[in-house]
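S.K.: Sequence:
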Amino acid sequence: MQAACQTPRRRLRAKGTVGAAGAAAAAAAAAANGVAAAVAAEPPGEAAVCRICWMEQDAEAGGALLAPCRCSGSQRFVHERCLGAWMQSVAARKGVPQARRCDICRAPYRG
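Per the numbering used here, residue 408 is the first one in the sequence shown, and the count goes up by one each step.
Errors might be hidden in some of the hints.
[Unchecked claim] Using C-beta positions, here's what the derived DEER-type ranges look like: (1) A498 / M462: 19 to 25 Å; (2) A468 / S496: 16 to 22 Å; (3) R477 / K501: 18 to 24 Å; (4) C460 / P515: 27 to 33 Å; (5) K501 / G480: 31 to 37 Å; (6) A454 / P504: 31 to 37 Å.
Treat the hints as calculated values from the structure; they're not laboratory data. We treat Cβ as the ideally placed atom computed from N, Cα and C, and that holds for glycine.
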């Protein structure tokens with residue numbers, strides 16, 4: 408009988424980094440829009456992607472990647488605009504109190 412592989416699988420992502428200038432710009436954009444959520448650093452060697460649209464940070468309005476709750480790993484980051492759209496969707500289906508909490512970790516969103 409063969410033993411099962413014990414090494415975890417890693418999803419492959421395009422390599423790239425935001426850098427200090429990109430992180431500073433993202434923080435400024437988030438602060439300008441009244442969002443106090445942390446703009447978190449990405450893991451070394453991996454580009455951070457939005458958990459909703461799977462795109463990297465961009466320069467468009469609301470394109471900053473935020474870490475608004477306690478989720479970690481690939482679920483950690485979300486675009487400000489994607490989070491806003493998601494919260495509106497949840498509020499319409501479940502009510503405003505449910506929209507203020509993460510559906511995954513159940514922590515209240517920061518901001």
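S.K.: Within 31 to 37 Å or not, the Cβ separation of K501 and G480?
M.R.: Since K501 and G480 have Cβ atoms about 25 Å apart, the given range 31 to 37 Å is violated.
S.K.: Is the gap between the beta carbons of A468 and S496 within 16 to 22 Å?
M.R.: 19 Å, holds
S.K.: Is it true that C460 and P515 lie within 27 to 33 Å of each other by Cβ?
M.R.: 23 Å, violated
S.K.: Within 19 to 25 Å: is that where the Cβ-Cβ distance between A498 and M462 falls?
M.R.: 23 Å, holds
S.K.: Between the beta carbons of A454 and P504, is the distance compatible with 31 to 37 Å?
M.R.: 34 Å, holds
S.K.: Is it true that the C-beta distance of R477 to K501 lies inside 18 to 24 Å, as the hint says?
M.R.: With Cβ atoms ~20 Å apart, the hint holds.
Hint compliance for this structure: hints 4, 5 are broken, all remaining hints hold.
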